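On the provided structure of chain A, position chain B as indicated by the hints.
Protein chains in written order, with the working numbering: chain A, 204 to 352; chain B, 151 to 808.
Keep in mind the hints are simulated off the structure, nothing from the lab. Just so you know, not all the hints are guaranteed correct.
Derived DSS-like pairs: lysine-lysine, alpha-carbon spacing no greater than 27 Å straight-line [to be verified]:
id: 1; chain 1: B; residue 1: Lys564; chain 2: B; residue 2: Lys417
id: 2; chain 1: B; residue 1: Lys564; chain 2: B; residue 2: Lys636
id: 3; chain 1: B; residue 1: Lys753; chain 2: B; residue 2: Lys668
id: 4; chain 1: A; residue 1: Lys285; chain 2: A; residue 2: Lys303
id: 5; chain 1: A; residue 1: Lys276; chain 2: B; residue 2: Lys668
id: 6; chain 1: B; residue 1: Lys417; chain 2: B; residue 2: Lys636
id: 7; chain 1: B; residue 1: Lys532; chain 2: A; residue 2: Lys285
id: 8; chain 1: B; residue 1: Lys673; chain 2: B; residue 2: Lys753
id: 9; chain 1: B; residue 1: Lys673; chain 2: A; residue 2: Lys285
id: 10; chain 1: B; residue 1: Lys532; chain 2: A; residue 2: Lys303
Some, not all, of what chain A presents toward chain B, calculated at C-beta under 8 Å [as the list claims (entries may be wrong)]:
id: 11; residue: Pro226
id: 12; residue: Ala312
id: 13; residue: Val324
Here the structure is a predicted model, which is why all the values come from computation and not from measurement. Idealized CB from N, CA, C, for every residue including glycine.
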Amino acid sequence: MKRSLASALLLLALAAPAHAVQPDEILPDPVLEARARHLSEQLRCMVCQNQSIDDSDAALAKDLRVLVRERLKAGDSDAQVKDYLVARYGDFILLKPPFKTETLALWLAPLAALVLGAAAVLSRRRRPEPVAPLTAEEKATLESLTRES
Amino acid sequence: MIVEIGHYALVLACALALVQAVAPIWGATRGDSALMAVARPLALTQFLFVAIAYAALTHAHLVSDFSVANVVENSHSAKPLIYKISGVWGNHEGSMLLWVLILSMCGAAVAALAARMPRDLYANALGVQGMIGAAFYLFILATSNPFARLANPPMEGADLNPILQDPGLAIHPPLLYLGYVGFSISFSFAAAALISGRIDANWARIVRPWTLAAWIFLTLGIAMGSYWAYYTLGWGGFWFWDPVENASLMPWLAGTALIHCASVMEKRDALKIWTIFLSILAFSLSLLGTFLVRSGVLTSVHAFASDPTRGVFILGILALAIGSALALFAWRASSLQGGGIFAPISREGALVLNNLLLTAACATVLVGTLYPLALEALTGEKISVGAPFFNLMMAPIAIPLFIAIPFGQQLAWKRGDLLAAAQRLLVAAIAALVAALIFFALHGGPAVPVALSALAIFVVVGAFADVAHRIAPRGFSSPNKWARAKGLPLSAWGTAIAHAGFGVSLLGIAATGWGVEKITTVKMGDVVTLGPYVVLVQDFSARNGPNYNETFARMQVRSAGAPVAEIEPSKRFYPARRMPRTEAGIATLGLGQVYVSLGEQGKDGGLDARFYWKPLVTLIWIGALIMAFGGLASVADRRLRIGVARRARNAPQGVPAE
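So that you can see chain A by itself, here it is in the shape it has in the complex:
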């Protein structure tokens, strides 16, 4: 809350001063490089706070970027690269968690919020507005008023 990005910034400062994606990492084949960039954006730099390896300056992120490119050069599909990394580092490396029992609540939460909200709105709508009956005092006042006029 202090500075909305402070943690990311601080980490950047703590990490090695190397840059995210460096020129020497880039693959000569633009199609393969585009796939590598797309994959990198979905992989977490595990020593950073919520940064992808594409954004991160950390040495580990560089190693992973090179690793991703090596796997792609070896002919892996995107899914194979991800599987390879998950087998080594666990689901933690995926910035978009897999859909499985443990993450069911996470994936369904937005839908649940919408459905619950809509249900609340609809249930309130069906209920007719209750109109409070007049109290004896109010009735008496009303009668006296109508008699006067």
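Then chain B, alone, in the frame of chain A:
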């Protein structure tokens, strides 16, 4: 001595807050006007004492008083003056002091305008403000004392983190805090309404300007933080779905829902319970943000969050505040009378849809941010929830919201006509189509930015369809359009402007899809082609700043052979903290920017650098400014000012200050 005065003033403020937490509410329940009346002087003097405390700490930073631990840890005698001032809130203790300064300022502002409000309402509201204040004063005094002295003062300070030595730090946190803490006012008034069991359109009219003001500041604060990250982080991203960012986005989403919902309550006396709930939610999420950032649960490396007792203390405040507010809500909400009824297709119906989508978005961010923490605590399994997840989940919520905005604006209260609304939006739809064709012709695909930019244009043009219809209704000749335009309530203009701003931001976001990126090693004399521009690398050089040294590159941006801008991207090194910092070189050309950030220098003298051309990127933040301006127009609306005029009329008659 000045430092001790500051410390003592804070203790006094805490004592006043404790009295304020008890006396006015007790007075309101017993109908004792003398007890209720103490709320006002208490809130005003409390602000005075916190201001003294804050001024004392600022003084210590300004004169570099290295006998104060906080100054030693975060300042340096050679630090530029602006960062000595902003450095006061550039650390945990000081930022908490700024938090309570703004909180007491809000309390004092309510107290100053108290004559406009029902007496028991403001007594209860200030009582709740007193409780929040007391909790945070105790937190600062017990765990985060900024006035602590050192027995053996060093000769020099450790300097402020270089990343924070930036004009961004001077502006961003105060704006953000004004937003966060501003929501405490609607929270306090919601609690007050629940305590007294009475809520009506007048309540909404009293609370609305406060909520809008908080929303304006939060909008500006988030935009400022986003731009700060954009130019500091060196790869030109503007939003990272970082948990700390999410912590500020959640109150914004809830607050946006609240200002819409409160307008229904004000105009139509409906959605009362929901308004109360959102008031509680917006501030609860602000407190949650404080807890997430301050406690260190989000990250172990966060620089000012290492002390676990602070986390436990804030968690206690959080549990107490949110828990008791929700308990009060559950207990008393049913006693609030419901109001006007409406058809599903109506302004109210559209605003309910707005609330549904915004709260679903808020729930998505909340669950996405907390889920990894909860899962790890429960099962020990570590997962990551990052940008790809949030982008995927938010798009199906945000896109219907954008489409619905112009429709909602066209619908009448109580019962609307969707077909007529669609007819009035014909111009906007045509404009969107034309824009899509133009953007496609300019940039070619891909389809996503073209579709999003068309949607953005639809929102921008559609935002003014309602105003246009009211100035010149179809089928009527209206000779004096200017008089009609001036006669429209400012809130109608505010709505149109704020919605248009939302569309403008979307256009900026859509345009990121047309950006150009070049990552390459350059030497002096190299030329890099970047979309419509060419960047000429002139030379590399070095120089010294006040508390850093830097290597920088001089570059010239050229368009069709003629130079249009000079930029100097640099890499700085701050010796006091032994930390580097990258300064991007940015040239704003039209609404787009050329953005260059430097990497490492190789042995052969070549320099790694990232070059970007980002068309229309400034619209992201300009849109936020427009949104804030729309909010300002709404705050200035006549119906919200009327109470002020009445107060001024009453003042000379010597109404006692209550």
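_Restraint status (C-alpha distance of lysine 564/B to lysine 417/B at most 27 Å)_ = Holds, at roughly 11 Å.
*Would the pair lysine 673/B and lysine 753/B pass a check requiring their Cα atoms to be no farther apart than 27 Å?*
holds (12 Å)
*Are the Cα atoms of lysine 417/B and lysine 636/B separated by 27 Å or less?*
At roughly 21 Å apart (the allowed maximum being 27 Å), lysine 636/B and lysine 417/B satisfy the hint.
*Do the alpha carbons of lysine 532/B and lysine 285/A lie within 27 Å of each other, as the hint requires?*
holds (17 Å)
*Take the C-alpha atoms of lysine 285/A and lysine 303/A, compute the straight-line distance between them, and say whether it is at most 27 Å.*
Holds - the C-alpha atoms of lysine 303/A and lysine 285/A are around 16 Å apart, at most 27 Å.
*Taking 8 Å as the limit, does the beta-carbon of valine 324/A come near enough to a beta-carbon in chain B?*
The hint holds - valine 324/A has a Cβ within 8 Å of chain B, the shortest such distance being about 6 Å.
*Is lysine 276/A within 27 Å of lysine 668/B, Cα to Cα?*
Judged against 27 Å, a Cα distance of about 21 Å means the pair holds.
*27 Å limit on alpha-carbon distance, applied to hinted pair lysine 673/B and lysine 285/A*: violated (37 Å)
*Please work out if lysine 564/B and lysine 636/B have their alpha carbons no farther apart than 27 Å.*
Roughly 26 Å separates the two Cα atoms, so the pair holds.
*asked:* Next item in the hint list is proline 226/A. Is there a CB on chain B closer than 8 Å to its CB?
replied: Proline 226/A check passes; min Cβ-Cβ to chain B is 5 Å, inside 8 Å.
_Status of the hint placing alanine 312/A at chain B (closest C-beta pair under 8 Å)_ = holds (4 Å)
*Can the restraint linking lysine 753/B and lysine 668/B be considered satisfied, given a maximum Cα separation of 27 Å?*
Within the cut-off at roughly 21 Å; holds.
The structure fails hint 9 only (numbered hints given earlier).
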